[in-house]
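These protein sequences, in sequence, are chains A and B.
Note that the numbering used here gives residue 82 to position 82 of the first sequence, counting from 1, and the numbers run on in steps of one.
Note that the numbering used here gives residue 128 to position 128 of the second sequence, counting from 1, and the numbers run on in steps of one.
The hints are simulated quantities; they were obtained by calculation from the structure and are not laboratory data.
Careful: at least some of the hints might be erroneous.
What the hints assert, rightly or not - In silico lysine-lysine, DSBU-like type, Cα no more than 35 Å apart, as pairs:
hint	chain 1	residue 1	chain 2	residue 2
1	B	LYS90	B	LYS141
2	B	LYS141	A	LYS186
3	B	LYS142	B	LYS177
4	B	LYS55	B	LYS45
5	B	LYS332	B	LYS45
6	B	LYS177	B	LYS55
7	A	LYS186	B	LYS332
8	B	LYS318	A	LYS186
9	B	LYS318	B	LYS332
As the list claims (entries may be wrong) - Some chain A residues judged to face chain B by a derived CB distance under 10 Å, without partners named:
hint	residue
10	ASP12
11	ASP38
12	LEU42
13	GLY192
14	MET200
15	SER201
None of these values were measured; they are calculated from a predicted model.
We put the beta carbon where it would ideally sit given N, CA and C, even for glycine.
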Amino acid sequence: MADFNWRTINIDALDPESAYNFDLSTLTPTVQPTSTQDVQTLNGQIRQLLRGGNAEGALRGGLENVPYGADEQGKVDRICLYLPAFPGPPHDVDNRMSQSNPPNRDVALTATHIQIRGSELCDTLMKYLYKGMGQGSNTAAHPSGNTGAGGRNLTPQATGGFTQASGRNFGGGEGGMSVFLSWHEKLVEMVGPGSIVRVMSDRRTV
Amino acid sequence: MPAPEVHHLFHAPIADHSFSADRSTLAVARDNNVELYHRSGNAFKLQDELRGHDKTITGVDIAPRSGRIVTCSQDRNAYVWEPSQNGEWKPTLVLLRINRAATGVRWCPNETKFAVGSGARIIAVCYFEEENDWWVSKHIKKPIRSTVTSVAWHPNSVLLAAGSTDGHARVFSSFVKGIDERPEPCVWGERLPFNTVCGEYLNPTAGWVHDVAFSPSGDALAFCSHDSSVTIVYPSGPEQPPQAVISIATQLLPFASLLWSSETEVVAAGYDCGVYRLSGDANGWQLTGSLEEKKERPGMPEQREESALNMFRSMDLKGRSGGAAMDDTKLKTVHQNSINTVRAFQESGGQIRKISTGGVDGRVVVWDV
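Okay, chain A solo, but in the shape it has when bound:
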């Protein structure tokens, strides 16, 4: 008994009431678990739509079937899918060219696309925008991949068939971020700061 150091007992772990034993994940709302497989299938369908030039349909499809329950890889796959899609149909040009895209073209595209939204879809679009903006800073700051963030590495292998468009820096380059910001501006004009607050406070992340 004497060789047991009582001072190392973690008293909080033994107290059933303490904050240590409070499982925060029980506070999150229940989401349908979506397997990565389903997400991949849906991603494939969206890719088809994009290739066919139906950007609007592809966007709508992605907004209506949100991979809330999928694991991180599934979510990253989804957002990688969208990043090249945001300015419109994917081009086979590199980063520098996208910067010289006439800005009004992007804005006109966003205006048309945004007309068809419902409030729930707008919130989802806002979530994608923020996730995309966040991914950009990850790659820019840690080009070798950040193990602290779970080893997420936005290299072309995540999107498979999009090798052409993924030659571009996903949202990390200036071209990507300005597109996100212009979409963000248009969306906020439409739905107001309430949508941003909903993105921040919603426990279901995309």
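For chain A, the structure is supplied; the task is to place chain B on it using the hints.
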């Protein structure tokens, strides 16, 4: 509609405020003390100060009939202040037996009990026990998972709604044997022992619930949460799914407090510094507008001739070339900072005619609804 009555009391946040029954006394929580203001003419003058708490006061409520004031604070205590003959207020400590801060307190409609929400995941329902001449608390614990942010009473003084940061708004029964009469059966339930959960609601995003309120008849519940939405629940019966749960997602910043002004209208205010109205019924609700009139700013003149002289003069003096229209040092709303509490001020014919709001800017404003 007539202009709102603004009382700019001081330059500090008001966590909670409450009017006495005749609306001549206003109790305002300011840091560790409660300041009592008395109406003289059109303004309120400081009359008394209730000192006793060691930390910030988070809740104040004046009981309309008996005139007792209950205060709760972050020092885990609550005091009940009784008015005495010579105008002094006598505090009585209430042992809440919580080990975290108290977040809000409300008297029940028949003034025999009050409920205190706390960060200890507990609601303390306190009543006065005659034999011991002491206020005693009973705890409602299950199934609250996180801090209780607000409490609201049903008109029958037994049902209690509580909003919490775990994203749920719940309705409990706080029936205390010996203090309460057996309540009439209602849509929330019939035989209701203490700590029965009559309903548990959350909205899809599960954001923190800032405020809850029962409708005047008690048959519907409204709560506003941090995802900028207001949810109205119409229960159909005990143990049955509700008749309707309607969630309105607004384009504004979240609401911090709300109040039913009639069976079909809710008045809410929050981080947008303005008061808004929502109306509807069991079939649907929508945001109908703000209580403030759309104009530039109270007291600002309309278009002014912008002469070149004025433009250059203001560029020299103030560093901007705008002139009157570009004076953006004040908000366009009456409150200059977020609104914390909305309370009923005047009622007639079952409908609330005037409401009072208190905010972080130190103003208490009385509005016509």
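_Cut-off 10 Å, beta-carbon criterion: hint that SER201(A) touches chain B_ = 4 Å, holds
*Pair hint LYS141(B) and LYS186(A), alpha-carbon separation not exceeding 35 Å*: With Cα atoms ~46 Å apart, LYS141(B) and LYS186(A) exceed 35 Å; violated.
*Would you check whether LEU42(A) satisfies its interface hint, that is, whether its CB is within less than 10 Å of any CB in chain B?*
Constraint on LEU42(A) not satisfied, violated at 21 Å.
_Check the hint pairing LYS332(B) with LYS45(B) against an upper bound of 35 Å on the C-alpha distance._
With Cα atoms ~27 Å apart, LYS332(B) and LYS45(B) stay inside 35 Å; holds.
*asked:* Restraint: ASP12(A) near chain B, CB-CB cut 10 Å. Satisfied or not?
replied: 14 Å, violated
*Are the Cα positions of LYS318(B) and LYS332(B) separated by 35 Å at most?*
20 Å, holds
_For a C-alpha distance cap of 35 Å, please report whether LYS142(B) and LYS177(B) respect it._
20 Å, holds
_Hinted pair, alpha-carbon criterion (35 Å max): LYS186(A), LYS332(B). Please report holds or violated._
Measuring from Cα to Cα gives roughly 24 Å; hence the hint holds.
*Given the hint that LYS177(B) pairs with LYS55(B), test it: the Cα-Cα distance must not exceed 35 Å.*
33 Å, holds
*For the pair we were handed, LYS318(B) and LYS186(A), check the Cα-Cα distance against 35 Å.*
33 Å, holds
*Can we keep the ASP38(A) interface hint, with Cβ of chain B closer than 10 Å?*
21 Å, violated
*asked:* Restraint: GLY192(A) near chain B, CB-CB cut 10 Å. Satisfied or not?
replied: Because about 3 Å separates GLY192(A) from the closest Cβ in chain B, which is inside the 10 Å limit, the hint holds.
Violation of the numbered hints given earlier is confined to hints 2, 10, 11 and 12; the remaining hints are satisfied by the structure.
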